[in-house]
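Once you have looked at the hints, place chain B on chain A.
Chains A and B supply the protein sequences, listed in that same order.
Converting from the first sequence to the numbering used here requires adding 227 to each position, the first position being numbered 1.
Converting from the second sequence to the numbering used here requires adding 156 to each position, the first position being numbered 1.
Note that these hints are calculated values from the structure, not bench results.
Hints should not be assumed to be uniformly reliable.
[Claimed, not checked] Straight line, CA to CA, 27 Å or less: simulated BS3-like cross-link-like pairs of lysine-lysine:
1) K255/B / K362/B
2) K283/A / K496/A
3) K453/A / K193/B
4) K297/A / K729/A
5) K297/A / K375/A
6) K454/A / K255/B
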Amino acid sequence: MYISSRSELSEFRRRYRWMRLFVVLTFLVLVGRLVQLQIVDGREHRDESISNVVRKEWIPAVRGRIFDAKGRVIATSIPSHAVAVIPHYFDTGKGFARLVEFLGLSEADAEAMMAKISERLANPKDMRRFQQITVADGISQEQLAAIKSHEDELPGVQILDVPVRYYPYGNMASHLIGYMNEVNADDIKKPVATVEDPYRASDRIGRSGLERKFEAELRGVRGWRKKTVDARGLALTSEEAETLVIEPKLQEPRPGSDITLTIDMGLQKIVDESLRGHPSAAVMVMDVHSGRILAAASKPSFDPNLITRGLTAEENRALDENPFRPRIDKTIYENYFPGSVFKPFTAMAALEEGIVTSEDVFHCSGFHEFGRRTFRCPKPHGDLTLREGITVSCNVLFYNLAEMTGMDRIAKYAREFGFGARTGAGYNSEAAGSIPTRAWYDEKFPGQFRIGFTLNAAIGQGNTKVTLMQVVSAYSAIANGGTLYRPQVIRRIETPEGDVVKEFHPEIVRRTAVSQRSLDLIMEALTGVVEDKDGTAYGARDPRVSVAGKTGTAQVARRARQPGDDMQRFYYMNRDHAWFAAVTPAAAPEIAIVVLIEHGGAGGENAAPVGIEIARRYFDEVAPREEAPLVAEKNDKARQRPKRVVADETEAVTASTHRR
Amino acid sequence: MPRVLAHRFRDEFDWVLFGLTFLISLAGVINLYSTGKSSGSPDLYLTQIYWLVFGGCMAFAVAIVDYRHYEHLGYVLFGIGIALLVLVLVVGTEVNNAKRWITFGPDFGFQPSELMKVFLVVALAKLLHHDPRSEGRTLYDLVIPAAMTAVAMALILKEPDLGTALLCLLIFLSIMLLTRLKARSLFLLVATTPLIGVLAWNYLLKPYQKERVTSFWNSFVSPEADRLGAGWHAYQSIVAIGSGEVFGKGYLRGTAGPHHFLPEQRTDFPFSIFAEEQGFVGAFLLIAAYCALVLWSVRIAANARDRFGSVLAVGVGSIFFWHILINLGMVMGVLPVVGVTLPLFSYGGSSILTFMLCVGLLMNVSIHRYRIAGGHHGDFA
Numbered sequence: 228m229y230i231s232s233r234s235e236l237s238e239f240r241r242r243y244r245w246m247r248l249f250v251v252l253t254f255l256v257l258v259g260r261l262v263q264l265q266i267v268d269g270r271e272h273r274d275e276s277i278s279n280v281v282r283k284e285w286i287p288a289v290r291g292r293i294f295d296a297k298g299r300v301i302a303t304s305i306p307s308h309a310v311a312v313i314p315h316y317f318d319t320g321k322g323f324a325r326l327v328e329f330l331g332l333s334e335a336d337a338e339a340m341m342a343k344i345s346e347r348l349a350n351p352k353d354m355r356r357f358q359q360i361t362v363a364d365g366i367s368q369e370q371l372a373a374i375k376s377h378e379d380e381l382p383g384v385q386i387l388d389v390p391v392r393y394y395p396y397g398n399m400a401s402h403l404i405g406y407m408n409e410v411n412a413d414d415i416k417k418p419v420a421t422v423e424d425p426y427r428a429s430d431r432i433g434r435s436g437l438e439r440k441f442e443a444e445l446r447g448v449r450g451w452r453k454k455t456v457d458a459r460g461l462a463l464t465s466e467e468a469e470t471l472v473i474e475p476k477l478q479e480p481r482p483g484s485d486i487t488l489t490i491d492m493g494l495q496k497i498v499d500e501s502l503r504g505h506p507s508a509a510v511m512v513m514d515v516h517s518g519r520i521l522a523a524a525s526k527p528s529f530d531p532n533l534i535t536r537g538l539t540a541e542e543n544r545a546l547d548e549n550p551f552r553p554r555i556d557k558t559i560y561e562n563y564f565p566g567s568v569f570k571p572f573t574a575m576a577a578l579e580e581g582i583v584t585s586e587d588v589f590h591c592s593g594f595h596e597f598g599r600r601t602f603r604c605p606k607p608h609g610d611l612t613l614r615e616g617i618t619v620s621c622n623v624l625f626y627n628l629a630e631m632t633g634m635d636r637i638a639k640y641a642r643e644f645g646f647g648a649r650t651g652a653g654y655n656s657e658a659a660g661s662i663p664t665r666a667w668y669d670e671k672f673p674g675q676f677r678i679g680f681t682l683n684a685a686i687g688q689g690n691t692k693v694t695l696m697q698v699v700s701a702y703s704a705i706a707n708g709g710t711l712y713r714p715q716v717i718r719r720i721e722t723p724e725g726d727v728v729k730e731f732h733p734e735i736v737r738r739t740a741v742s743q744r745s746l747d748l749i750m751e752a753l754t755g756v757v758e759d760k761d762g763t764a765y766g767a768r769d770p771r772v773s774v775a776g777k778t779g780t781a782q783v784a785r786r787a788r789q790p791g792d793d794m795q796r797f798y799y800m801n802r803d804h805a806w807f808a809a810v811t812p813a814a815a816p817e818i819a820i821v822v823l824i825e826h827g828g829a830g831g832e833n834a835a836p837v838g839i840e841i842a843r844r845y846f847d848e849v850a851p852r853e854e855a856p857l858v859a860e861k862n863d864k865a866r867q868r869p870k871r872v873v874a875d876e877t878e879a880v881t882a883s884t885h886r887r
Numbered sequence: 157m158p159r160v161l162a163h164r165f166r167d168e169f170d171w172v173l174f175g176l177t178f179l180i181s182l183a184g185v186i187n188l189y190s191t192g193k194s195s196g197s198p199d200l201y202l203t204q205i206y207w208l209v210f211g212g213c214m215a216f217a218v219a220i221v222d223y224r225h226y227e228h229l230g231y232v233l234f235g236i237g238i239a240l241l242v243l244v245l246v247v248g249t250e251v252n253n254a255k256r257w258i259t260f261g262p263d264f265g266f267q268p269s270e271l272m273k274v275f276l277v278v279a280l281a282k283l284l285h286h287d288p289r290s291e292g293r294t295l296y297d298l299v300i301p302a303a304m305t306a307v308a309m310a311l312i313l314k315e316p317d318l319g320t321a322l323l324c325l326l327i328f329l330s331i332m333l334l335t336r337l338k339a340r341s342l343f344l345l346v347a348t349t350p351l352i353g354v355l356a357w358n359y360l361l362k363p364y365q366k367e368r369v370t371s372f373w374n375s376f377v378s379p380e381a382d383r384l385g386a387g388w389h390a391y392q393s394i395v396a397i398g399s400g401e402v403f404g405k406g407y408l409r410g411t412a413g414p415h416h417f418l419p420e421q422r423t424d425f426p427f428s429i430f431a432e433e434q435g436f437v438g439a440f441l442l443i444a445a446y447c448a449l450v451l452w453s454v455r456i457a458a459n460a461r462d463r464f465g466s467v468l469a470v471g472v473g474s475i476f477f478w479h480i481l482i483n484l485g486m487v488m489g490v491l492p493v494v495g496v497t498l499p500l501f502s503y504g505g506s507s508i509l510t511f512m513l514c515v516g517l518l519m520n521v522s523i524h525r526y527r528i529a530g531g532h533h534g535d536f537a
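One chain only, chain A, in its complex shape:
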């Protein structure tokens, strides 16, 4: 056995010093790192460790309610339940099967849900496995009960209380009221609402209509409660945990403001009922003395409750593929040819420019030759005055007027009454319509202008396009003595306590530069449309109500028949749109009603009855009066377009003749 002596250890001896040095230096590095972590960055790390444990639990703000003009609730928030899953604790076998069963999910939906869950479970270090995923919103009481009573079979499944938007009136006025849905990445990036409360994932946001327009007011500001949790997001209950929470521990949410609309849901219901049998239509009712919209219907509509809840793929497709375009607000988004509804404004131009007087007589032989073209009238009307021309809606008379007045002067008066420009109602996307001028044609079709264009424009065809909103505003202006109001849908914004935040007063766009005489003449003619035996709406006349109005038929671009087209559908889709624009009562108008029946055919036969029914029921049910308003004598020279107060006095004195 070899035993070394101490002196023989010399090979090692010099190494120990270096080893000691290395060891000491290494430990100094470790201590240096410790100093850095605990002393230099200690405060920062302590804050981090607290924010690790203390989490803000958001308390949703109650969204403001929407009321109609009479205080009925149109939109409110009701308690609702959502189902969430924490992937880590979720039983992806039996538990998953049970949950799918209780929620009644389709195979595709179940697969989508599983995909979301397994994505987070894929990586064992992915901490999102402890974050809940909402898998179902607004579950029914039955589903809630089923899930609650089978809790032990559903580990990792949570029931959340989330307020959900509820629209008691369902489909009614839904384009105007709008709907909500989940925020997307863009919403989160550019906050629409308060800076202090940016949008967070899975928030809901007003997506259309007034829900969108008044998002900032309705939304409110969410509050929070500080909560201590462990790494898995589970609540801590110990007292020590409580001491980590820095005051304040609670911030109460601030509820959103309530808004009151000008819409009267009673009238809206009447409007909807009067549209029965017409699959695709739109109606607007306006208070002629203030521009307030009392009813706005675009048919077919949708149930905002369903959209807010989230449409299934099938429901979504049904909405998209419906040929009557339920997603579109036909009262404001869509441009239409006004057809004969436009004639009063051509007449107004001719009267105001001194081209025609009430006495001038025109002759209609059923057609009007201009150049090499022949412009037709539905029938030869014989001799007629301007008033009669409006009453029977004679095209030939208006061709003559157009020729004499010229396109630009017609456009001037059309614009005066708000056509060709957005009304500024301020919700949804609004179309501007179009009122062509010579300059417009010169720009679009240089050198191709023909007087024929003017003839077409004069009877609301050609390149004359309008929206329902413009028509109802313009007719209101005719009826109220020439004041064009900005259409208004909202009366006021109030805090939940009832303090008024903002009151919306009628807003005058302009007092049209037309004479009372011309207005009177037009009104007289409009009354004749309904009251005269040869008036185009005479067939729809209802003796119980006095209406002055104008029918119209807007040509529809003819569609060539495709092989395989349903014949009935084909003929239907090629029918013209029917218009009826009216004010009532004729003698002292209070409201303007505009009806558009898509593919309704002739206005007098199809749209007028709807408008007149609305007028009658308005006075019967919505604004009943002990003494009904005056029915205008046809040639009542004292017909005024006075202010409402005057009208009321008149009503009081001369009441009894209203109902015949």
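Positioned in the frame of chain A, the structure of chain B alone reads:
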């Protein structure tokens, strides 16, 4: 003869080594009480005490027998270690995709790789003991010890257990640092290391091991992005340690441990909990104790009576040193996350027994530093 041994044990007992071992173990138990209490197994610290007592007895037994007997058995022990490593690959229990444990029933098991570290030191000590040099060694001289280490490492990597394999390499290098290398050989060794690294990266490392290394690298490059991914544990550990600040949050008042922000907190991350609750003061004292322990083993080596004792003490000291460095480096975010325990501090029978074995060996070398009359070789007549 036993009487003589007992006397010598009494007279030459290394109180410093005993004191450091005791203090570190005690701190470990106290810390374990805190982590165990909050994680729902409050009795863990008792289990740890049982292991420490058992390990202490074993260390006593190991220390009392003159280490020359271990020298005799050097290659036999190495052979046993290798046999156990082969056995674990055959009958080992698989946990987290790795076969590291030989279990006896549900409650008890041990890791042959832990024992292997110690046996490797004994075998290398024997090798050097019989190969005294005064001139520098060439690479050729290193072939046999390197081959022994490589066999052990290969078997451990097969389990796989990257951390322990790496430790074997470091222990081997540490022991070889004791010897002198020819300048040319040293240069060659340094030059080929990157090549070996590249080969290891491409052919030896498992994906999850690579991911840890990349995560570690990423945490330097883009700390924010890494925090929710693979670097989460390292980040949480840094936050826990840092949040202790100078005086700590107070015993039993830490938040990282009880609230599951740290994984494997009893075995791999106990220092984070300790530093969070005891602050810089406590953590510094613990590190100082470790530093003293390592320096003390160098001192024992320097004072050893023969080459075998010296190499044994340096080897055992290096086991401590590298374990401490890798674990603390990992929890403080300066080294990648590798499952290496903190000596005498981490929870676990296998770890405690291994380090108690190490303490026993150090104590042995320390006690037998003098040649005494009546030694059975009688060389000090």
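Hints versus structure:
{"no.": "1", "hint": "K255/B / K362/B", "in the structure": "14 Å, holds"}
{"no.": "2", "hint": "K283/A / K496/A", "in the structure": "45 Å, violated"}
{"no.": "3", "hint": "K453/A / K193/B", "in the structure": "25 Å, holds"}
{"no.": "4", "hint": "K297/A / K729/A", "in the structure": "18 Å, holds"}
{"no.": "5", "hint": "K297/A / K375/A", "in the structure": "41 Å, violated"}
{"no.": "6", "hint": "K454/A / K255/B", "in the structure": "42 Å, violated"}
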